[in-house]
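Protein chains: 2
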Amino acid sequence: MSERQSRAAILCVGDELTEGRTLDRHGKFLSELLTELGATVDRISLVPDELDAYRREFLDLFPRVGTVIITGGLGPTSDDLTREAVAEAAQVELEFHEDIWEWLLNRFPHRKISDTNRKQALIPAGFEVIPNEAGTAPGFVGEVDGCTVVALPGPPRELQTMVDRHLRSILGARFGVREEEISWATTFMVPESELEEALQRHGAESLRWGTNTEGYRILLRLRGGDEPARQAFFTRLRGDLGAERIVEGRAEIGEVVLNDLRRTGRRLVCAESCTGGLVAKLVTDVPGSSEGFWGGFVAYSNTAKIGLLGVSEQTLADTGAVSPETAGEMALGALERSGGEAGIAVAITGIAGPEGGTEEKPVGTVWLAVALDGRVLETRHVFLPRDRDRVRRWSAISALLLVREALSEVA
Amino acid sequence: MSERQSRAAILCVGDELTEGRTLDRHGKFLSELLTELGATVDRISLVPDELDAYRREFLDLFPRVGTVIITGGLGPTSDDLTREAVAEAAQVELEFHEDIWEWLLNRFPHRKISDTNRKQALIPAGFEVIPNEAGTAPGFVGEVDGCTVVALPGPPRELQTMVDRHLRSILGARFGVREEEISWATTFMVPESELEEALQRHGAESLRWGTNTEGYRILLRLRGGDEPARQAFFTRLRGDLGAERIVEGRAEIGEVVLNDLRRTGRRLVCAESCTGGLVAKLVTDVPGSSEGFWGGFVAYSNTAKIGLLGVSEQTLADTGAVSPETAGEMALGALERSGGEAGIAVAITGIAGPEGGTEEKPVGTVWLAVALDGRVLETRHVFLPRDRDRVRRWSAISALLLVREALSEVA
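Order-wise, the sequence lines are chains C and G. Under the numbering used here, think of the first position of the first sequence as 1, with each following residue one higher. Under the numbering used here, think of the first position of the second sequence as 1, with each following residue one higher.
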């Protein structure tokens, strides 16, 4: 592949982007995809809905990059100009696709498709249609002066569906990468440097990896080797990092914990202080979570810890609200108050800041406890000296990882 | 101001952006600022850390726009190239600023400033330094071929602090807008079309407005007129939209509710089903929230509603979990179980989907209840036919707005 062919660019079109009304996420999503396929992204441009803006970008990009992905500008209104701009650059006409129009008319039986939508059946001559199963505007792909030009609609759900169902394989073929050659894993609360060392330690000649850090979560993609080789690699990583901190596939922590709960037939109850409902929120983000989640307490104040969870006043007076003793009593109290309905309880108490820290217990000090079968299985100290938002988020994740550990022991 | 002078562009530099590892938020933040000042943003470009990328951008932008803001590339390492690229374009040398170096050495008494950091004291000759109170790399501003060039560091907290403390007034002066000419308001759960109509109805000749929609929240900025005229306008809007749905300034819902709670001397307890902890999370996002927040229950399953909140089995059997009766009993139960500690309770029960909807109670059906002084003050039905995430988010916000309403009645 020539250097030009390996270069790519992304063009995101819309006044809402350049006026700062909408945060663009397509640039990141598509550049990640292109990078994963081995392309080098030369520029991501956000430009207004103006024909001149397209012309300027095309003039610069088409001669020097091999792939341009355009997002937006495929709606039915007069300021949607992607079709016109691409047809002009390719020096072709726009063709009306009767089959797209028929499909549009039948797509939403209860929604009126107006004549202005006819525009969405126009495709530059010689371009291939990319179906849009999630919306009304199909995309298209074709060549202009030796550059592959892809046009996708702006609404995120439509774009993502089209990428997953069609574009990945179109571009994969172009860059010589097959989808089955890539495996994914997700780590939780593994520092980047620790993961990098583990990868170095267990990696093999034939394997290449890339990581994508999103706060407490790292997505790890693995290419090369064959499926068994990648599996063996994951097994070694799991042994190194601890099974609760790494799972195969692209996963959310809520899903992963719910799977463990379902597998072990236990329902979770949580007792939260500093996380203030975040643990419950992360688990109930997942549809159908009632199967593995029973309920929770947000015992933010000391009187709530006493009243809601039966933490003893003595314990609070002797050891403070942020202590292994209080965390343990919170977990046990939550378990008891579920009346046998919940099979495992987790408790979190800590100092999220910015106020409330002391020399002895600085901001970021957190105690976790997990209880099951009528007793406290473990209490754990974690120290997360960060801002309020991260102390809360990271201690919530740490609590869920403790649940995973506990469940693996009873399974 | 000439057309060129009113045009602006933003250049965000970093391999992490074009490789899809980091989501860029600076483009949105800065284009919003520029738009607010009356500039037209012509392009937001995300490019890798390569001198050629800067050259290409500068060649295109400097002759046709009046302002370019660059973010990133001001770190101490060899791939941080903003200083070099700007100096090259301006055909000036980089000057070592002894005072910046002194400041850097004294800035972090406990942190070693290495010799590589000396680079951060280099500024293109003739450019003005923009101080960085939140980090190590100062920014700079100057002219290249009649174009104002601003360079800011990439770390979000540093950039935002510098914009708030320095860049707003630098650019404000440039675009002839003074900060005191702008007022802000925030609306919650007001549909865009309803707000637009209210703005049209109450607007005056001298006032111009812009809106920025972020899900359930719209930031409204108002320019022109004088302070009393803008105040009078807000008063009219408040009368129209309802005082609980609009507040002055740029505000988060958690803060706003906590202010009401503090003002009325009542602490909140919440009883959540479908929102699964989100209401508690939104309130406890705010530092110092224990002053106004007592605690909460996540009663996700029916047995949790019975066990935790004392909802009667009969009510659940007769009216279902999603009903005004269940919501009312949840709120009352939460209030009672706080043992007089909480002065107001809110309950949320609904069908967040995607499963669980029926013909009679489709996905998006939500019942809210608010209780105080030992009785249910109000139950309210809201219907939010959206995806799971939005049903949960919007019903949490609706619940907090109901709390605001209730507090305004007892105040």
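Just to be clear, a hint being listed does not mean it is correct.
Each pair may be met inside one copy or between any two copies, as identical chains are not told apart.
Mimicking DMTMM-like on lysine to aspartate or glutamate, the simulated pairs with C-alpha atoms at most 25 Å apart in a straight line are [claimed, not checked]:
#, residue 1, residue 2
1, Lys119, Asp80
2, Lys361, Glu227
3, Lys361, Glu128
4, Lys361, Asp285
5, Lys361, Glu291
6, Lys119, Glu409
It is worth saying that the hints were derived from the structure and are not from the lab.
Hints and how they fare:
no., hint, in the structure
1, Lys119 - Asp80, "within (10 Å within a copy, 46 Å between copies)"
2, Lys361 - Glu227, "neither (48 Å within a copy, 46 Å between copies)"
3, Lys361 - Glu128, "neither (63 Å within a copy, 43 Å between copies)"
4, Lys361 - Asp285, "between (32 Å within a copy, 21 Å between copies)"
5, Lys361 - Glu291, "between (37 Å within a copy, 21 Å between copies)"
6, Lys119 - Glu409, "neither (60 Å within a copy, 53 Å between copies)"
The structure shown violates the earlier hints numbered 2, 3 and 6.
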